[in-house]
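Q: Oh and the first sequence: position 96 is 95 in numbering that gives the first Met the number 0, straight run, nothing missing.
Just so you know, these hints were derived from the structure itself, not from any lab. Just so it is clear, the structure is predicted and the values come from calculations on it, not from any experiment. Watch out, some of these pointers could steer you wrong.
To be verified - Under the rule of at most 20 Å between Cα atoms (straight-line distance), these lysine-lysine pairs were calculated in the PhoX-like manner:
#	residue 1	residue 2
1	359	423
2	474	484
3	185	20
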Amino acid sequence: MKIYNTLTNAKEDFKPRQPGKVFIYVCGPTTYNYIHLGNARSFVFFDTVRRYFCYRGYEVKYVQNFTDMDDKIINRAREEKEDPLLLTEKYVQAYFYDTQALNVQKADIHPKVSQHIPEIVDLIKVLIEKKHAYLTDQGVYFDIATFADYGKLSGRSLDLMQAGARVEVDVRKKNPLDFALWKAAKPGEPFWESPWGLGRPGWHIECTAMALKYLGTGFDLHGGGNDLIFPHHENEIAQAEAATGQPFARYWLHNGYLTVNQEKMSKSLGNYFLVREILKKFSPETVRLFLLSIHYRSPQDFSEENLNNAARGLERLKTSIILLQEALVRPGWGDVSRSSSLEFQDIGGREAAFLATISKLESDFIAAMDDDFNTALALSKLFDLAREVNIYLTQKPETENQNLPQLTTIEIQNKQFAQVALVKAKELFGSFNGVLGIFKTNAQGDIILERSFQERDALVEPLINLIIQLRQEAKVKKDWVSADKIRNNLKELGIVLEDTKDGVRWKLRENNRPIV
RNA sequence: GGCGGCAUAGCCAAGUGGUAAGGCAACGGUCUGCAAAACCGUUAUUCCCCGGUUCGAAUCCGGGUGCCGCCUCCA
């Protein structure tokens, strides 16, 4: 496996800290708002990274934090006149709602800043003891001059940064780039007790403290969006390595921005689209397919047209999966008792060729993901698989629609071959999807293609109106049999039609509604 | 000013030395009562421009143009 490491600006062979295990820390959201699609890009990508390590047989420990205390939260809470921690809890829940729609698996641990104050305080104590931090009346600051490697992640030297820095001058700081570890509380602000008075942690210290607590020094992967390279991740490294004297994380991954009209999607520009808004119009499968259709380090432009493209591509994949699922239970293809005893080398011409082709796709898929998580290329293998399956199914089996007792031994064997081929294809769909996470799956790992409830709800109204219209036409022709049949069958589905003087009214029997 | 990224068909996009993946759209065909889906075929002699290295470059080197980002909160 090769991974592009921001620390070295090069693709490197991945070597885990411990054989067979991967320890990952990904920067999560600051919970003062709903996540937008740019945030989702990062979360979906790192979820895919995690899934791929699992697919490759690694035991993964995945930690993603919530920054649930900082200036933005305090400001937002003031605006909404709400307690900061309650506000934060609301957006934590919203985060889970939005990301689960996108099939992002929960991290093993989701630590929150507010619940790790003791760890943070201890870490700051160490930094002060080691003379890497100093006190002012504003709080505690990290002294970057004491950390020789400062700038190694973002690739800048201190001199150049100082020349270009537009930082508001704080004369109490030794260096303009020194950053807060502990901020003294102003009146009315939330606070915790510390040896340096009442206050709260600075922005960067929490990730360092929580990563060290759950993953230790020198863990494998640390990730986040490009915009976190400087200063956030640079400062995390400084804090951790100054305190422990050990390398902090070994591979740093950063995803590119999501843009709108080629400009970065960001809250300050106001050009952001919330995940929950987009999901009103596009399915989560479409959104995830869209996000993975480009290499993670490249910028990706958000537009309705691009989402539409993805939606159409998704249709193609769905069709193929449906065709395969149908074939698996159709006479002639898949209705023979499970024939797992067959060895591949026993299998005849057409099936053997098909199996060879899709096996190649599997190795291509792995090669693509091994090369710095090339999801765009991996995705093309999923499309290739769909086409191969479609081609295979286009050609009818000789024995289709014949009953088993009438078949010769050869014919039965052909059916079994076909089934082995189809089962293998289905498994491959499943394992590609297990990595890319586009489709939801059941406990057995089979792909579920049910429409989302939003989609269904949006369809109910026009669909029922259409049926009512057809029934009205039947009534006009005095075709009472058809009209009554429509009404009775709808009733069985929990949809009640009532003919009134002013037209047709319909109701949904409450207990027939699907339970989410 | 410093640092970094990007530029491939109508659109999205993979591809870092060996002769342009995949998706969408479009057109023609097969299938179909008609559609849809599916399948087959066509659609970049060419990869922003100029110059160079090489038997050979979208891929390497030099120069130029355009767009974007970071250096301040941001995934």
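Q: Please name the hints from earlier in the document that this structure breaks, with their numbers sorted from lowest to highest.
A: 3
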